[in-house]
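Two chains, two frames, a set of hints: combine them into the complex.
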Amino acid sequence: MEIFRITRNAWGQETLEGMSWDLLPVAFGLGVAIIIGHLIWRAVRKPRTAPPRP
Amino acid sequence: MSPDPNLITRHAPIDRVFHWITALAVLLLLASAFLPILGLQFSWVPLHWITGVVLGAAVLFHVVRASFFQRLRCMVFGPKDLADLRSGRRAAKYTPAQKLMHAMLGTAVLVATVTGFIMLAKVDTPLWKRNPYLLEASTWGVVYVLHGAAALLTLTLTLLHIYFSLLPEKRGYLRAMIGGQMTRDEAAVYHDPNRWSGQRKDDPHENNR
Chain A
1 MEIFRITRNA
11 WGQETLEGMS
21 WDLLPVAFGL
31 GVAIIIGHLI
41 WRAVRKPRTA
51 PPRP
Chain B
55 MSPDPNLITR
65 HAPIDRVFHW
75 ITALAVLLLL
85 ASAFLPILGL
95 QFSWVPLHWI
105 TGVVLGAAVL
115 FHVVRASFFQ
125 RLRCMVFGPK
135 DLADLRSGRR
145 AAKYTPAQKL
155 MHAMLGTAVL
165 VATVTGFIML
175 AKVDTPLWKR
185 NPYLLEASTW
195 GVVYVLHGAA
205 ALLTLTLTLL
215 HIYFSLLPEK
225 RGYLRAMIGG
235 QMTRDEAAVY
245 HDPNRWSGQR
255 KDDPHENNR
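Chains as they are written, first to last, in my numbering: chain A, 1 to 54; chain B, 55 to 263.
Keep in mind that a hint or two might mislead.
[To be verified] Selected chain B positions facing chain A (Cβ under 7 Å, derived; list incomplete):
{"hint": "1", "residue": "LEU206"}
{"hint": "2", "residue": "ILE216"}
{"hint": "3", "residue": "LEU220"}
[Unchecked claim] Partner residues aside, some chain A positions facing chain B, computed with beta carbon under 10 Å:
{"hint": "4", "residue": "GLY12"}
{"hint": "5", "residue": "GLY29"}
{"hint": "6", "residue": "ILE34"}
{"hint": "7", "residue": "ILE40"}
By construction, these hints were calculated from the structure, which means they are not laboratory data. Ideal Cβ placement from N, Cα and C applies to all residues, glycine included.
Next comes chain B alone, as it looks inside the complex (with noise of 0.2 Å):
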């Protein structure tokens, strides 16, 4: 059967996957670090750190791959972007805010994880047994305090990134992240063909300038 020439690829598989695993861990995260502060009590601590590590694979592979073996420029908000804003020119393949929104959620997501190993060390495992005097108390709090932060942030942007995702409007990008392909009709409202059409089968991001 031959491909749809309506439809251009927009999400490698194993992009869509890493978003999912990353969706769901995030939303259990949430799930597990606020619920019980809203009254809901259940043993969170088991759920929070097991699916905090599965969170921290993820973004390790998702740093490796998008650093080495994709076009991480195309990700960078950066000068051309607000050129872009200011003259109405329509984008490559990411959006001025959808890049924006991925520098601040990656940006968040980054420091919980990372806080969220170190915390690792003052919980008991099967692994490793809890040594709570690895840092000072103060730096703990400091810790603590990007962990809770971030964690704060990843909410809130959590709530917008749903929301966009279900606009009608937008309704393509979700399509695309489930099945990794939108209409050229829908890319074309937010996307210059000459900038990024996604023919290349093997890389999404051809063309992207």
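So that you can see chain A by itself, here it is in the shape it has in the complex (with noise of 0.2 Å):
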């Protein structure tokens, strides 16, 4: 998987195009992936309440 888009220009020498877009899944699945675990986490996790007003 690359990180950047690289080409070449006409002299042959490389130029920097961008970020890959080979990352938008990384970047979808690593939104996806937290969310699952935040899903578990606050599956386990014992409910927050408010302490009792005085």
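Pasting the structure below:
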């Protein structure tokens, strides 16, 4: 998987074109993975409640 | 009609308008950037740059308002937040998690906005003609990398932001971002009433410590 998009110009020099769009599913997948992780953590932890009012 | 004593003000109307303009702009920018990459072809450039200018104006407004008319420090994550996390002390107006999310998403949107404004030099608009030679090719590459990295980070963080806003236990925050208010009981779960009460009508940051 590429991190950057790199092309060659007319003189054969490498030119940076930007981030590789291979990372698009990675960014989306990272978000989904964190959400799933949080859902699991949320299911097993004790729910937080407000202390009783004085 | 007297106000409900169980409701406290969390967000002023102007801040809610800013939030929803920003939210719509970010969603349109993500869609116009990434859907063509995924194969949905349409004329995305006009939608992208016009929405980007709207987002830039909104970000500028927010930076000025937060810096000079609100208490900036109530949103900055600091040592006190670490101490709160360790001790389990409830937060003032913003929880440590909210401050971190704001810092990350704010940085990503700011980088995308600044680099996006530089990239406007490559777009013909009714207001100016394109000038692709404004920067050297290698400098353009750095601008594109920063813009792309910020966009990818914004995608991840936007997913998380929407997810957290929809959780039942966080629904009070969503309601506050729509109507401005949340109940005292909802606030008391995460916020210490002695540190943030939201009572002063013209300043929702009142008592924030």
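Tested hints:
1. LEU206: holds, 4 Å
2. ILE216: With Cβ-Cβ at 9 Å, over 7 Å, it is violated.
3. LEU220: It is violated, given that the least Cβ distance between B:LEU220 and chain A is near 10 Å, above 7 Å.
4. GLY12: violated, 13 Å
5. GLY29: holds, 9 Å
6. ILE34: holds, 6 Å
7. ILE40: Interface hint status for A:ILE40: violated (13 Å vs cutoff 10 Å).
Violated hints for the displayed structure, listed by number in ascending order: 2, 3, 4, 7.
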